[in-house]
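> Below, each chain spelled out in residue letters.
2 protein chains.
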Amino acid sequence: MSPVPDLCVLGLGLIGGSVLRAASAAGWTAWGATKSPQDATAATSDGFDVSTDLDAAITRAKDVDALVVIAVPLPAVDEVLRRITTIHPTAKLTDVVSVKAPVAEAVSRLTPDARYVGGHPMAGTSTSGWQASTPTLFHDAAWVIASEDDSDPEVLQEAIRLALATGAHVIPASATEHDAAVGRISHLPHVLAAVLATVGADGGPLALALAAGSFTDGTRVAGTRPELVQAMCEGNRSALLDAVDDALGRLGAARGSLASTGGLAKTIEAGHQARQALENHQKAPRKNKDIDLDSPTAPKALRTLGARGGRIVSLDGATARAQTS
Amino acid sequence: MSPVPDLCVLGLGLIGGSVLRAASAAGWTAWGATKSPQDATAATSDGFDVSTDLDAAITRAKDVDALVVIAVPLPAVDEVLRRITTIHPTAKLTDVVSVKAPVAEAVSRLTPDARYVGGHPMAGTSTSGWQASTPTLFHDAAWVIASEDDSDPEVLQEAIRLALATGAHVIPASATEHDAAVGRISHLPHVLAAVLATVGADGGPLALALAAGSFTDGTRVAGTRPELVQAMCEGNRSALLDAVDDALGRLGAARGSLASTGGLAKTIEAGHQARQALENHQKAPRKNKDIDLDSPTAPKALRTLGARGGRIVSLDGATARAQTS
Chain X
1 MSPVPDLCVL GLGLIGGSVL RAASAAGWTA WGATKSPQDA TAATSDGFDV
51 STDLDAAITR AKDVDALVVI AVPLPAVDEV LRRITTIHPT AKLTDVVSVK
101 APVAEAVSRL TPDARYVGGH PMAGTSTSGW QASTPTLFHD AAWVIASEDD
151 SDPEVLQEAI RLALATGAHV IPASATEHDA AVGRISHLPH VLAAVLATVG
201 ADGGPLALAL AAGSFTDGTR VAGTRPELVQ AMCEGNRSAL LDAVDDALGR
251 LGAARGSLAS TGGLAKTIEA GHQARQALEN HQKAPRKNKD IDLDSPTAPK
301 ALRTLGARGG RIVSLDGATA RAQTS
Chain U
1 MSPVPDLCVL GLGLIGGSVL RAASAAGWTA WGATKSPQDA TAATSDGFDV
51 STDLDAAITR AKDVDALVVI AVPLPAVDEV LRRITTIHPT AKLTDVVSVK
101 APVAEAVSRL TPDARYVGGH PMAGTSTSGW QASTPTLFHD AAWVIASEDD
151 SDPEVLQEAI RLALATGAHV IPASATEHDA AVGRISHLPH VLAAVLATVG
201 ADGGPLALAL AAGSFTDGTR VAGTRPELVQ AMCEGNRSAL LDAVDDALGR
251 LGAARGSLAS TGGLAKTIEA GHQARQALEN HQKAPRKNKD IDLDSPTAPK
301 ALRTLGARGG RIVSLDGATA RAQTS
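Quick mapping for you: the protein sequence lines, in order, are chains X and U.
Take the first sequence: its letters are residues 1 to 325, numbered as in the working numbering.
Take the second sequence: its letters are residues 1 to 325, numbered as in the working numbering.
Keep in mind that the hints were calculated from the coordinates and are not lab data.
Glycine included, C-beta positions come from ideal geometry on N, C-alpha and C.
Among the hints, erroneous ones may be present.
[Unchecked claim] Some but not every residue of chain X turned toward chain U, in silico, with C-beta under 8 Å:
1) Glu269
2) Ala270
3) Ala307
4) Arg311
5) Leu315
6) Asp316
[Claimed, not checked] Some chain X residues judged to face chain U by a derived CB distance under 7 Å, without partners named:
7) Val4
8) Asp6
9) Arg184
10) Gly200
11) Ala211
12) Phe215
13) Pro226
14) Leu228
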């Protein structure tokens, strides 16, 4: 079992700020840096060890071999990685960016000697900034930890430990598996909500006056700040294209069936069964399972757990206590 | 001003049953008929004047020139109209079916001498049957009244009066305008929810485990009983095809943009603006407006009101008190 590491959080928006708050609340020694003087001042006055000096924060991480969390938006990741490779090229690294393969690619390109394990806490998109951050943002949230065959065992355990310390449960998956899944259940919903909202509003005031719960629910996330949605979706371009193509194919099939036979049974029935699958997953009884994180096959065992819909709920030394359906 | 008519409700499921309950609670003399002996027994023991004898109910409507409400599912409308044209061909007719042009077509085909004004109270799809009916189902709901240039003025007023008596507000529109609007804001959302649920569940247990609020919200109505959704969507085939084609076009454009430039700005921005339009519509300050229902131009004035997102909230004699944004 690795000891609790010190924590260096780079980027202090909603997610990074909440990581700093949650880890501090859990007793970790943690500090951070942000480019925003306002956020640094606010965080400092909230009692946190924060400055605008990224290099100093990384140097301190090097001195104590801290776990470094990259918590900037995807377009700013390269710039942060260049500072890390200059100051501390073998840093223990994780991140909280909403796509995993593009970050892994940037890490192998810019900081090839870093010990990197990707992460993605699935909480919060509609507000932003340090002021919106809370220590409880991740309570009961899913936090994906990227588990690859060559994942550094120490950093893998520390990233899991961090996620659990914030109150999240850990869902292991490879970067590719993660991106494919979130393309389907997070990014595609945003694209479809935008399309639905637009087609509805094109019906004019009468359509808006008749808008029922189906429309209100189906367009809710179109109310999210568009620049956040755009960055999230565009960052997962490749996997999102696959999901959009699936949706186009299914919607086209529904269109063809409705036009030719007037029938929608296949579309509606499949959708109903899929929704039942979601509800069944959420209420399925769970079995306990232990995974030895010191084992060389741990990354594969973790991915198998995640692929089956399982999760890690606690750590006991190097033993991950998991629940699976 | 027409006096309050007596009311004959044919079909006593969720909607018809709730109409009978609400009109009775408002002091109307009302009776009904249903093909279901169980529902007739339940309604009778609940204190309502209900039987399984459709012909007797129609004969009584003829004797007192009652307003007849067709409250059976679309596939059963023809059969009811045939009984009406046999017993009382000049009946005052309205209906509560979720599409309007197909019902209007059936009426002109089967009961051409009836004085028909279509209606659609927009409430309730996920439960069904007399047992689910309540007198408050239509409180604050939108109730569309089909307003055509040749609408019978007396029945138009009585249909509006009935809707208001149940606690609904009235949104006037032509049958064609109604069907186009609900295709966009009620039927398309159900089709997209089915497609989204299926594409998500195709991602397997990992995707379901990561399902965020965007997916849960966007697929909620896929949990509705599929036979209800199917009947509702298929009944509005022509208008729904237009809406699906719009959605396919916009989703295809998003796909093309994402594939070629990697950008989704146009899709996401348009969706955000459309959602803002919905929220602005819902909170817009409303101006009062009176419409004289005895005027020969009343149907046109009503359609203009509806097309602008307005609604009728009360009747004072033959004067409709309307709110418009």
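> Determine for every hint whether it applies to the structure shown.
Status of each hint after checking the structure:
no. : hint   : in the structure
1   : Glu269 : holds, 5 Å
2   : Ala270 : holds, 5 Å
3   : Ala307 : holds, 5 Å
4   : Arg311 : holds, 7 Å
5   : Leu315 : violated, 19 Å
6   : Asp316 : violated, 22 Å
7   : Val4   : violated, 27 Å
8   : Asp6   : violated, 29 Å
9   : Arg184 : holds, 4 Å
10  : Gly200 : holds, 5 Å
11  : Ala211 : holds, 5 Å
12  : Phe215 : holds, 4 Å
13  : Pro226 : holds, 4 Å
14  : Leu228 : violated, 9 Å
In summary, the structure is inconsistent with hints 5, 6, 7, 8 and 14 from the numbered list given earlier, while agreeing with the others.
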